[in-house]
Structures are given as structure tokens and as C-alpha cells.
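Engineer: Just so you know, the protein sequences line up as chains R and A, in that order.
Position 268, counted from 1, in the first sequence is what my numbering calls 268; the numbers after and before it change by one each time, with no gaps.
Position 71, counted from 1, in the second sequence is what my numbering calls 71; the numbers after and before it change by one each time, with no gaps.
If you're looking for bench data, these hints aren't it; they were derived computationally from the structure.
Watch out, some of these pointers could steer you wrong.
Stated by the list, open to error - Examples of chain A residues lying across from chain R (beta carbon under 10 Å, computed):
no.	residue
1	SER207
2	GLY211
3	VAL214
4	ALA272
5	GLY273
6	GLY306
7	THR309
8	ASP421
Stated by the list, open to error - Quick list of in silico lysine-lysine cross-link-like pairs, BS3-like style, CA-CA up to 27 Å:
no.	chain 1	residue 1	chain 2	residue 2
9	R	LYS195	A	LYS232
10	A	LYS310	R	LYS353
11	A	LYS195	R	LYS195
12	A	LYS195	R	LYS232
13	A	LYS310	R	LYS269
14	A	LYS310	R	LYS28
15	R	LYS43	R	LYS447
16	A	LYS310	R	LYS195
17	A	LYS310	A	LYS353
Beta carbons are placed, not taken as given, at the ideal position from N, Cα and C, and that holds for glycine.
So you can see what is in the structure, the chains are spelled out below.
Protein chains: 2
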Amino acid sequence: MPTSLDPIPTLIEYLRFPSVSTQPEHTKDVVACASWLEALFQKMGLSTEIHQTPGHPIVMAKTARDPKKRTVLIYGHYDVQPPDPLPEWTSAPFEPRIDEKEGKIYARGSSDNKAPTLAHILGVAQALEKKGSLPVNVIFLIEGEEEIGSPNLAAFLEEHREELAPDVILVSDTGMAPGNLPAMTYALRGVATMKFIIRGPSHDLHSGLFGGAVANPLTVAARLIASLHDEKGHILIPGFYDAVQPLQAWEREAAAALEKASGGDDSIKELAGVTELFGEAGFTTLERIGARPTVEVNGFGGGYQGEGTKTILPKEAFVKLSFRLVEDQDPKQILELASAHLHKQLPPGVSLKIILGHSGEACFVDPQSKDGKAAQEALRESFGSAPFLLRDGASIPIIAAFKKILGVDTLLVGLANPDCDMHSPNENMLLKNFLDGIKLNQLLLEKLS
Amino acid sequence: MPTSLDPIPTLIEYLRFPSVSTQPEHTKDVVACASWLEALFQKMGLSTEIHQTPGHPIVMAKTARDPKKRTVLIYGHYDVQPPDPLPEWTSAPFEPRIDEKEGKIYARGSSDNKAPTLAHILGVAQALEKKGSLPVNVIFLIEGEEEIGSPNLAAFLEEHREELAPDVILVSDTGMAPGNLPAMTYALRGVATMKFIIRGPSHDLHSGLFGGAVANPLTVAARLIASLHDEKGHILIPGFYDAVQPLQAWEREAAAALEKASGGDDSIKELAGVTELFGEAGFTTLERIGARPTVEVNGFGGGYQGEGTKTILPKEAFVKLSFRLVEDQDPKQILELASAHLHKQLPPGVSLKIILGHSGEACFVDPQSKDGKAAQEALRESFGSAPFLLRDGASIPIIAAFKKILGVDTLLVGLANPDCDMHSPNENMLLKNFLDGIKLNQLLLEKLS
Numbered sequence: 001m002p003t004s005l006d007p008i009p010t011l012i013e014y015l016r017f018p019s020v021s022t023q024p025e026h027t028k029d030v031v032a033c034a035s036w037l038e039a040l041f042q043k044m045g046l047s048t049e050i051h052q053t054p055g056h057p058i059v060m061a062k063t064a065r066d067p068k069k070r071t072v073l074i075y076g077h078y079d080v081q082p083p084d085p086l087p088e089w090t091s092a093p094f095e096p097r098i099d100e101k102e103g104k105i106y107a108r109g110s111s112d113n114k115a116p117t118l119a120h121i122l123g124v125a126q127a128l129e130k131k132g133s134l135p136v137n138v139i140f141l142i143e144g145e146e147e148i149g150s151p152n153l154a155a156f157l158e159e160h161r162e163e164l165a166p167d168v169i170l171v172s173d174t175g176m177a178p179g180n181l182p183a184m185t186y187a188l189r190g191v192a193t194m195k196f197i198i199r200g201p202s203h204d205l206h207s208g209l210f211g212g213a214v215a216n217p218l219t220v221a222a223r224l225i226a227s228l229h230d231e232k233g234h235i236l237i238p239g240f241y242d243a244v245q246p247l248q249a250w251e252r253e254a255a256a257a258l259e260k261a262s263g264g265d266d267s268i269k270e271l272a273g274v275t276e277l278f279g280e281a282g283f284t285t286l287e288r289i290g291a292r293p294t295v296e297v298n299g300f301g302g303g304y305q306g307e308g309t310k311t312i313l314p315k316e317a318f319v320k321l322s323f324r325l326v327e328d329q330d331p332k333q334i335l336e337l338a339s340a341h342l343h344k345q346l347p348p349g350v351s352l353k354i355i356l357g358h359s360g361e362a363c364f365v366d367p368q369s370k371d372g373k374a375a376q377e378a379l380r381e382s383f384g385s386a387p388f389l390l391r392d393g394a395s396i397p398i399i400a401a402f403k404k405i406l407g408v409d410t411l412l413v414g415l416a417n418p419d420c421d422m423h424s425p426n427e428n429m430l431l432k433n434f435l436d437g438i439k440l441n442q443l444l445l446e447k448l449s
Numbered sequence: 001m002p003t004s005l006d007p008i009p010t011l012i013e014y015l016r017f018p019s020v021s022t023q024p025e026h027t028k029d030v031v032a033c034a035s036w037l038e039a040l041f042q043k044m045g046l047s048t049e050i051h052q053t054p055g056h057p058i059v060m061a062k063t064a065r066d067p068k069k070r071t072v073l074i075y076g077h078y079d080v081q082p083p084d085p086l087p088e089w090t091s092a093p094f095e096p097r098i099d100e101k102e103g104k105i106y107a108r109g110s111s112d113n114k115a116p117t118l119a120h121i122l123g124v125a126q127a128l129e130k131k132g133s134l135p136v137n138v139i140f141l142i143e144g145e146e147e148i149g150s151p152n153l154a155a156f157l158e159e160h161r162e163e164l165a166p167d168v169i170l171v172s173d174t175g176m177a178p179g180n181l182p183a184m185t186y187a188l189r190g191v192a193t194m195k196f197i198i199r200g201p202s203h204d205l206h207s208g209l210f211g212g213a214v215a216n217p218l219t220v221a222a223r224l225i226a227s228l229h230d231e232k233g234h235i236l237i238p239g240f241y242d243a244v245q246p247l248q249a250w251e252r253e254a255a256a257a258l259e260k261a262s263g264g265d266d267s268i269k270e271l272a273g274v275t276e277l278f279g280e281a282g283f284t285t286l287e288r289i290g291a292r293p294t295v296e297v298n299g300f301g302g303g304y305q306g307e308g309t310k311t312i313l314p315k316e317a318f319v320k321l322s323f324r325l326v327e328d329q330d331p332k333q334i335l336e337l338a339s340a341h342l343h344k345q346l347p348p349g350v351s352l353k354i355i356l357g358h359s360g361e362a363c364f365v366d367p368q369s370k371d372g373k374a375a376q377e378a379l380r381e382s383f384g385s386a387p388f389l390l391r392d393g394a395s396i397p398i399i400a401a402f403k404k405i406l407g408v409d410t411l412l413v414g415l416a417n418p419d420c421d422m423h424s425p426n427e428n429m430l431l432k433n434f435l436d437g438i439k440l441n442q443l444l445l446e447k448l449s
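Here chain R stands alone, though its shape is the one from the complex (with noise of 0.2 Å):
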């Protein structure tokens, strides 16, 4: 159980559990860390409780709940990806190491997602120190699953919907902006997948003794992903685009801002390690990755993969794709639309198979609305500065869920910096970020109120 909560002392302790959701072999360590999570919210005078779920565990903990104060749900995740690949950490994983030249300090989950978690968990611990009350009531849902897509989330929303019936919802599981600049989180990309296989011939075949009467599974599977884009990166499936709405004004110049603060398209370059960006015409790179759908291939093959030559004309191939959506397009309609737009294009002699892969909705909070002023209020008041509006190119499926399910929005105050290797060997957090998170907390409580 925690042994005190002196900020860093504690992180140490929560990162050492190596709580990886994925790995069986795991499973103990992540109770073992959900336990601690108990006794520190116990600790703190917090009502908790562990839920079982057919998976890992949720914990629970709340303040009493005064039906004059508005009440903020907090969720985080416990959770981390597995360490691998070792060879490429230059410390291991669950011994936290500080670097005190960098002020970072590494571990596995160390950004993704225990230190911003902790801030909030330790912005409350000493808000109650302070004042022995909170001017909202807070409900802490920290899930054990979110690495594995947190199957069993959305079942225990709904079971517990009047019981959290929460007025806002915030969530650190994002990152400041680029330039480790404090800035909000106003919009996440949805996420749909499928792999599909391309077959042709019953067998491989002599490309010699067959090649030119025959499709060839491969070649086709190139023609199919040719088929999605047109050569400057605009996407050509029917009605891909039907649903997205033109980015506003407002939206041009947040992006625009923080591409300047930032040091823009160079900053990105250097982190995605490539000599040229390249993307759909008429956007900047900050729009492309935050304000635009896009489909990409993460893996294909088929044919002779080995040494050297084998001339055959190979009986089928595979491709995965992943497609990032924007506020009102529909994953699964989508997924229809790109079926139906590569079942168009088959040449004779070859079949197609689509399999579907897991999906999730976007997201999109008005930066304008009460909270979200409230929320750039208490980052203005913590940095100094305005806070950028950031569209966040990635996906967090369970907050169309909490929308859909709880109806109502969730701020997103990422905590994060950009360069912290999240998934990666060596993922890393900045204490700054994660000590200026506490206080961060405690004023968004008061803004929120």
C-alpha cells in the first residue's frame, strides 16, 4: 500500500506494478496494482470500491456526494502495453529511473497513463489536505483495460449511469501540444479497421507457364490500394467524405497558431524521422493529422518473401487497413463504403474477402462551451499563457462511449509531452508536467465548479 503521498515517491511505487492488461502472465500485477490504487484512495477518505469485471478490474472512488455541487468524473487507466521490445530500454521498464539532467523519469506507463492519472488522484488528495473539501464532487473511474480496448467499460457505464450521472467528465490520456505546450484537447479521431484477402489461383503458380492469362492476387491488391487515394492524398472512396464537415475558422487558426509556437512542419519531420511530409492538398500537416480522415495500410503481403528470386504468380494476398475518422462520420458506414468500393474494382478470376476489425467513434468537444472555458481558464492560471486547441490525431473509442452513454462531454488536459514514447522502448514523462498537472487539477476542480 502507498507509504505516503509525497508526489514522486508515489509515482515510483505505482509504476513499478508491471500491469500489463494483454498478458496473461500478468493478470496478478494488475490486481496487485488496482489493490494499491484502493489503498491510496482509501488513504485519501475516498468511498472505493473494486469492481469485478469478466476482465481486469475498475476501481471506483468517490468524495460524498453534496447535491448542491456539480460532479466531475475523472477517468484513467492503470493499464500499460507490454515493455517489449527489452533489448531497446536503457533501463527496464518497472524499475522507474529518474533522470535528473532531462527531469524526466522512465518507465513503462509512466506517461500512458499512471503519472497524469496520479495528478488528478494527488490535485484531489491535496486540495482535501488543504481545505478538507472539494468545490465539486469527484468520482474516480480508473479502468484496468484500456490498453486492450476496454471491453468491459461500456457495460459498467451503463449499469452504474445513475449512480456516476456525472456533469463533466475529464480525462488526461492525451499530451500537451507539440512543443510540450499546454494546450486542450478538443477533438480525437475515430478509428475503423479491416484486413482483407485477395485469392486467385488455387495454387502458386509458374509465372512463366501462366503469367499474362491470369490475375495475379497481388497485383490486384495493389490496384485496390491505389484505388483509395488519388495521387495528391485525397481519399476516392464514394462518399468517404460525405459526413465531414469544413473545419471552421476559428479551428484554421488554433492549428495555425500552434504551428508557429511549435516549430511546425520541421518538429514533425524530426519526429516521424522522414525527409518530407506529405499529405492531401489544401491542408496544413497539423490539419491532416487532426482535422482529416485518412486510411492507411499498416501491414500486406503475399508471394515469395525469402532471399533472392522465386518467379511465381502467387494464389493471394493480404492487406490491413486503418482508417481515422472525424466527428460525424460513422466507423461502421465507412467500413461499408470502402467494402463496396473495393468489391467494385475486382478484375475476373480473383474473390475478396473483408474482415472487419474493431472501430470507434470520434470525438469533438466545443472548446467554446462553459466547461471547456473553464478548463483554458485553469491552463491559462497554471502556464502563464492562452492554451492551444488542439485536434489530436489519435483515438480514444470510450469517450463517444461516456457521450453516448452518461450524455455528457469530456474535457481532454493532456499531461503528456510530446517526445514521451508512448507504446515505444523508453517511454518517459516529464516531472515537470506531471507536478504541474497537480496544481493544474486542483484549479480545474475550482473552474469546474
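Given the coordinates of chain R, assemble chain A onto it according to the supplied hints.
Structural biologist: Relative to chain R, chain A alone:
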């Protein structure tokens, strides 16, 4: 060493060597196979030498040279294609299995090229046994690098030009005509191969955080593949068809006659295991296979290859291509044209690396030459009907080198059954073709004397 000259047991011994020339781990098997051939020729009383090359050895065996007789060089290869994908074999590729009902032997290398080569060898062995001498001088040249493009054979021919000095060359590395009909092959396609690699970001990127802003190497690779053909299968590389001559009237007639006799498209569909054929407009299927140049994707790969989803924008992709060419097309020039075409279409931020593979020219031998007519006669007498005249879509690049270096034509009398699955899993050889081939070869040597 060979335990007898009994055809089937000898063939089984020969097929047991996994003489895969492209895989370094099989080098010792390749060498053992060459030694086995050496012992076989010695047993027949031929003067036999193993010639080392920078790659795999060449086995040469000769009857005593009688200056009053014509000299026939018989070429074959003892190396084989890799057997993968292994799970698709119904029996182990190097444990020959006879299916009595089908009258076939199953093994990698059975039809390509061990049984046909052995038919030549045993034809000579039987003739020597019966008559003590041959009507012609015979030189066997059996190499171990045909499946990797015969990189060392041309140098060997140059070096031994005067020693070899044949009057005509015999090769059985082609097939019977569709329907397993006797045929003389008068043309083979050339071949040219390349691999290309598209590289983009320095590491796999998160498709949410970067998707839309960076050229995806897999999308680029697919677009390059798609740029090779129009939707009707015509090749779009500028200059690709410049050297291609229109088919002569007798050729179209020969193709039409064969199409009629062999079951036409239906039999090719069945061999390929496709529901429909597909190819360049304006040509019959046999013309597409034998007389038209092609480009096929032999393999591609990149990005996530595992189960489920990994939403990355991968750092690189590879594509393996092979071209089949017709007479007068220069393989090196075709590779240059293709390289230039690919380089022209790169979006910013990706690089293209092209690695050229082996290549070899097409060949065309007039079937109405004196030796061509002699071969047709031997076929007619062996099989009881006039042989079909065939353009074979496969490539034996060394045939062009024979003509260039030794100055003589090659007669292509194929023995492989059309459903032999050469280069594919479950490669097989009709035993009747093998045994008939032994007799045919004796008649051929007489007709060529």
C-alpha cells in the same frame, strides 16, 4: 551413388536430393547431387568431369568423340526451386511419392528438371547397352544454377567453346502441350527480375499521430505496382513494347490448332485453379502466355504481419517483380525502362531502392530448319501424330547464350505434363512421359545423326 540404371528407382534416388540452389543451407545437398550424377555417368562409361564454379558445380559427361559423327549437346539442370510453402505439400517434397492411380511421381524437381534430364541420360544408357555405341557424339552438360539464372554457365561455355563445339543442342526443360500433347517448343520467353524497396519514416509510426501527414511506404509500393498495367492488363511502362513484333500468321494458326486440340481456356483454367482467366485484350490465352511480354508481382511485404490489428504507418515495404519477355526485347533495357518509370512516380519523403536480379533473353528457333524437322519426325514416330508447335511462356535464359556463344540452335522437346505444378507445391511428373522420353531420346539421336 546410383544403385542401378532401372528408370524409376534411379529417378527416386535423384529426387531425394534437396538441391535447392538459391538457399545457402542446401549447398551441401547441391554438391551431393552433382556427385551422384557424376557416379551415374561413370557407371555408363562416359568420360565425366565436375567443374567447380564460383557457385554450384557443372557436371559434364561425354562419349568418345568420333569426328565423323555429329555432336549433340544435351543440357539440363539438377538444381530445384525452394519447396515452400511446405504445409501445402501432401507429401514431403524430397521424399518422392508415386501415386499409382494417377501414374505420377510427386517431388520437388520431378518435372523441373530431374525426370526430363534423366530421360535423356537413361536414353543414352539404354542405347549404349543395346548397341554399344551411339549414332552421334553426345555431351551432357547438367548444371546446378538454372533456378537462379545460370550465373556461371556462360563463362563455362566461353571457356570450353572449342571443346564443346556441338552441331545442335537438345533441351527437355519445357512441357508437353496443354492436354499432355506432344509438342516442339519453338520459342521461350526471356526473363528479367528486380526487387524494389520503398523506405519512408525512420521507424514505424503511430497511424493516429502521423497518419495523413507522411507518405506511407506500403501505399507508395502499391501505387507503383498499379502503375505497371492498365485495367485491361496492357503494360504502361513507356517503351516496353517497342521491340515486340506482331505474331506471324502461321504462329496464330499453330496456337489456334493447339487451343482446339487441348481443350482451350477450360483446360488452362483447370490447371491454374481459377474461375476465370484474365489478360491483355486482343490475344488468345495461349498467345498471352507464349507470345506476349508480362510483368508479374512475385511477392510483396511490409508492416504488420501478425494476427489482429496494429495501427502503424510502417517504415518500409518490398516488392519482387519478374518480367517475361519476347524475342528482340533486351532484358537489361527493359529493367532500365521499368526503373525509370518507377522512379518518376515517387511522392515526397520516400526513397526507392531497386535491386536488379537475374535476366535472360527470349529465344526463337525456326521449327522448319533441318534439325527442327528431324525433331518433329522423331516426335511423330514416337507419339503417332504430328507434334504441335508451341510457344512456351517460361524462360531458359541459357538457350540464348548457347546460340550466342556456341553458335547453334537448341531443340526444345519438353516432357513435363502440363499439370506438373512446376515451381509449386506438389510438383509431379507423369511417369509415362518420363518412360516415353527415354525412348524418344534414342529416336531423336538417330534422326539428328
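Engineer: Taking the earlier hints as the rules, which of them does this structure contradict?
Structural biologist: Going through the list in order, the structure violates no hint and respects every one.
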